[in-house]
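With the hints as your guide, set chain L onto chain X.
These protein sequence lines are chains X and L, in that order.
Take 446 as the starting number for the first sequence in the working numbering and just add one per residue.
Take 27 as the starting number for the second sequence in the working numbering and just add one per residue.
To be clear, the hints were calculated from the coordinates, so they are not data collected in a lab.
All C-beta atoms in this analysis are idealised placements derived from N, C-alpha and C, irrespective of residue type, glycine included.
Careful: at least some of the hints might be erroneous.
As the list claims (entries may be wrong) - Chain X residues, not near chain L, derived (Cβ > 10 Å throughout):
| id | residue |
| --- | --- |
| 1 | GLN489 |
| 2 | ASN540 |
| 3 | LEU541 |
| 4 | ARG543 |
| 5 | GLU572 |
| 6 | ALA574 |
| 7 | GLY584 |
| 8 | GLU589 |
| 9 | HIS592 |
| 10 | ILE617 |
| 11 | ARG618 |
Said to hold, decoys possible - Selected chain X positions facing chain L (in silico; Cβ < 7 Å):
| id | residue |
| --- | --- |
| 12 | ASP477 |
| 13 | TRP518 |
| 14 | THR519 |
| 15 | GLY522 |
| 16 | LEU590 |
| 17 | LEU594 |
| 18 | GLU602 |
| 19 | GLY608 |
| 20 | LEU633 |
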Amino acid sequence: MSVLPFRRRASEDRQPPELSDEALIAACKVGDRGALAALFERHQRALHRFCSRLLGPSGEVEDLVQSTFLAAWTDAGRYRGQSSVRAWLYGIASNLARHGFRSEKRKRGAFESLRWKPAAPVAPVDEQASRRQLLDRLGAALEELPHDLRVVFVMCEIEEVPGAEAAEALAIRPGTLWRRLHDARKRLLPLLEGGER
Amino acid sequence: MNADCPRFEALSLAASDGIGSELDSHLRSCAPCAATMRRIERLAAAARELPWVDSSPERVGAMEASLLAQAAVVRQRPSRRWGVAAAGIALAAAIAWFVIGMGLLGGAAKPRVLSEIAAAPGARYEHVTLHPQHEGEPSAEIVRLSHGSVSLHVEHLTPGERFIVATADAEVEVRGTRFEVLVDEGKLVRVAVTEGKVEVRVAGQEPLLLHPGESWERPVPEAAPLAGAVAAVAPVAAAEPVAAPSPADLVPHEAPSRVRGSRREAPEGERAFASAWSALRGGDAAGAAAGFERVASLAGGEVLAEDADYWRIVALARAGASTESEAAMESFLRSHRDADRSGEVALMLGLRHLARGDRDAALPLLEQASRDSVAAVRERAVEALGRLRQ
Numbered sequence: 446m447s448v449l450p451f452r453r454r455a456s457e458d459r460q461p462p463e464l465s466d467e468a469l470i471a472a473c474k475v476g477d478r479g480a481l482a483a484l485f486e487r488h489q490r491a492l493h494r495f496c497s498r499l500l501g502p503s504g505e506v507e508d509l510v511q512s513t514f515l516a517a518w519t520d521a522g523r524y525r526g527q528s529s530v531r532a533w534l535y536g537i538a539s540n541l542a543r544h545g546f547r548s549e550k551r552k553r554g555a556f557e558s559l560r561w562k563p564a565a566p567v568a569p570v571d572e573q574a575s576r577r578q579l580l581d582r583l584g585a586a587l588e589e590l591p592h593d594l595r596v597v598f599v600m601c602e603i604e605e606v607p608g609a610e611a612a613e614a615l616a617i618r619p620g621t622l623w624r625r626l627h628d629a630r631k632r633l634l635p636l637l638e639g640g641e642r
Numbered sequence: 027m028n029a030d031c032p033r034f035e036a037l038s039l040a041a042s043d044g045i046g047s048e049l050d051s052h053l054r055s056c057a058p059c060a061a062t063m064r065r066i067e068r069l070a071a072a073a074r075e076l077p078w079v080d081s082s083p084e085r086v087g088a089m090e091a092s093l094l095a096q097a098a099v100v101r102q103r104p105s106r107r108w109g110v111a112a113a114g115i116a117l118a119a120a121i122a123w124f125v126i127g128m129g130l131l132g133g134a135a136k137p138r139v140l141s142e143i144a145a146a147p148g149a150r151y152e153h154v155t156l157h158p159q160h161e162g163e164p165s166a167e168i169v170r171l172s173h174g175s176v177s178l179h180v181e182h183l184t185p186g187e188r189f190i191v192a193t194a195d196a197e198v199e200v201r202g203t204r205f206e207v208l209v210d211e212g213k214l215v216r217v218a219v220t221e222g223k224v225e226v227r228v229a230g231q232e233p234l235l236l237h238p239g240e241s242w243e244r245p246v247p248e249a250a251p252l253a254g255a256v257a258a259v260a261p262v263a264a265a266e267p268v269a270a271p272s273p274a275d276l277v278p279h280e281a282p283s284r285v286r287g288s289r290r291e292a293p294e295g296e297r298a299f300a301s302a303w304s305a306l307r308g309g310d311a312a313g314a315a316a317g318f319e320r321v322a323s324l325a326g327g328e329v330l331a332e333d334a335d336y337w338r339i340v341a342l343a344r345a346g347a348s349t350e351s352e353a354a355m356e357s358f359l360r361s362h363r364d365a366d367r368s369g370e371v372a373l374m375l376g377l378r379h380l381a382r383g384d385r386d387a388a389l390p391l392l393e394q395a396s397r398d399s400v401a402a403v404r405e406r407a408v409e410a411l412g413r414l415r416q
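In isolation and in its complexed conformation, chain X is listed as follows (with noise of 0.2 Å):
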């Protein structure tokens, strides 16, 4: 079988080349719920925990993870391309989170952040129990940071989207998303030892 002289990717490859997201979802836009199964096995953990972080610990999370593949079905004509597909997602994650899950979030205090348990830490008995205070501090601040600065600190700082990519998704300027994170870092650091600059 010939082989075309400029063929990028090795020849011993045997295997169909995985489709892009991009791919996947021009697929969904035809309506190939097929490409829509791949595009959740692919980016339903992501997805989860962004909004696991987005909305604390909750039923509702769940539910957010599929109203937004959902949306993203119903509304993939209208991906434009200049964000990841991830960032996208993310981004009507947010957006449905403000519209529809803000108010069940009011309702639960800062205390459901004791729910959360620590990863399982291996420093010493004392620095554990430092580690496990801190990080229930910050998810408790975290909750209770207004939804736009806590969507861009989830995005950029722990799912480490790039700030234009994040800025694409959430349809807003980077002087914006800029200016958002900084005020979430201001207000979240205090929670670290050492005290503020």
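Okay, now just chain L, sitting in the frame of chain X:
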């Protein structure tokens, strides 16, 4: 801190966007600013450690099944008219895709291929352009088709242009033609040429040149009829060489061979399917339902009729005709008992009955769906059975 110290916002921006040489130099000599940068980094590190509770695999499966079931009946919003895929996206999203060049793009002239691609429902493909890396190399438009069927019209190519449909195991290269390619999970299944010439190169076999009216096909496993397939390939236990195709069925061949004037599933049925599909995408659910009903009467093969019957169910549901939609589901289950989608349709109908409280009608359907080959359908059915038996 001193007067030369940047504001907090500048440090915060640098922490995310990168530290320039000037700021780097300042940080080396200013302990308070360096401490602030370290605190910003520590905050980020702590935030990434915040715990979160993942869903169980069972819950994830149930979520996926519910999502897909909802996606089957919700209406998708059309693309924005001005929202064509931006730079960086290799795949053309719409049914029809045109590349127009020849001077519009300015700069050094590069070969441009005029092509039109129509993908059947369920087809998965990517369309990329490879520009020559060395002097004298041709440019190429590559359609990587991993599953399903696409119809292509490629204008006559000039020297320096190539148009290739690539699968996991084959390439189909064209020279200004109208032709169709059918792929099942990466494997080339069928190529049919309407105009022009097409060379088919399958791994391990001699290249084959097809002329207008000719087609190539090979045996496919019994696994599943393909969604939106434009031609039916009858599964056989063992491939047999056949001199002439039967008038009603396509006969697969073990080795690639030219089949002159092979009889395909009625072209009128395919055209009617494409028309109904366009109506569905365009939001005319009622028109689509009528169109798919017509396809079923025209389709000479089982695969196209099954697809048409399935999408008629979806179209009726979108049109709000729930009674007709349920009747269509019942008809589907009678007519296509062993179809791949029978479990999915049984699930949809079973959930409808369950929603109305008709447990007796729901039970056998959900039990059928709980044995489906698709995990998401099985899990959704099991969940519904659990509720039914409470």
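Hints, one by one, checked against the model:
1. With a least CB separation of 6 Å from chain L, GLN489/X falls inside the 10 Å interface cut-off, contrary to its annotation.
2. Every CB of chain L is more than 10 Å from the CB of ASN540/X (nearest about 15 Å), matching its label as outside the interface.
3. At the 10 Å boundary, the C-beta of LEU541/X stays outside the reach of chain L, the nearest C-beta of that chain being 14 Å off.
4. Distance check for ARG543/X against chain L: the nearest CB is about 20 Å away, which clears 10 Å, and the non-interface claim stands.
5. With a minimum CB-CB distance of about 13 Å to chain L, GLU572/X clears the 10 Å threshold, and the non-interface call stands.
6. The beta carbon of ALA574/X is kept farther than 10 Å from every beta carbon of chain L, the shortest such distance being approximately 15 Å.
7. At the 10 Å boundary, the C-beta of GLY584/X falls inside the reach of chain L, the nearest C-beta of that chain being 5 Å off.
8. With a minimum CB-CB distance of about 14 Å to chain L, GLU589/X clears the 10 Å threshold, and the non-interface call stands.
9. Residue-level check passed: HIS592/X sits 17 Å from the nearest beta carbon of chain L, beyond 10 Å.
10. The claim that ILE617/X lies off the interface holds: its Cβ sits roughly 15 Å from the closest Cβ of chain L, which is beyond the 10 Å cut-off.
11. No beta-carbon of chain L comes within 10 Å of the beta-carbon of ARG618/X; the shortest separation is about 14 Å.
12. Nearest Cβ of chain L to the Cβ of ASP477/X: about 6 Å, under the 7 Å cut. The hint holds.
13. Satisfaction of the interface hint for TRP518/X is found here, the shortest Cβ-Cβ separation to chain L being roughly 5 Å, below the 7 Å cut-off.
14. With a least beta-carbon distance of about 5 Å to chain L, the hint placing THR519/X at the interface is held under the 7 Å criterion.
15. For GLY522/X, the suggested interface contact is upheld, since its CB lies about 3 Å from the closest CB of chain L, less than 7 Å.
16. Given the 7 Å rule on beta carbons, the hint for LEU590/X is violated: about 11 Å separates it from the nearest Cβ of chain L.
17. Hint status for LEU594/X relative to chain L: violated, with the closest Cβ pair at about 13 Å, above 7 Å.
18. Satisfaction of the interface hint for GLU602/X is found here, the shortest Cβ-Cβ separation to chain L being roughly 5 Å, below the 7 Å cut-off.
19. Taking 7 Å as the C-beta contact cut-off toward chain L, the hint placing GLY608/X at the interface holds, the least distance being around 6 Å.
20. The interface hint given for LEU633/X holds, since its Cβ lies 6 Å from the closest Cβ of chain L, which is under the 7 Å cut-off.
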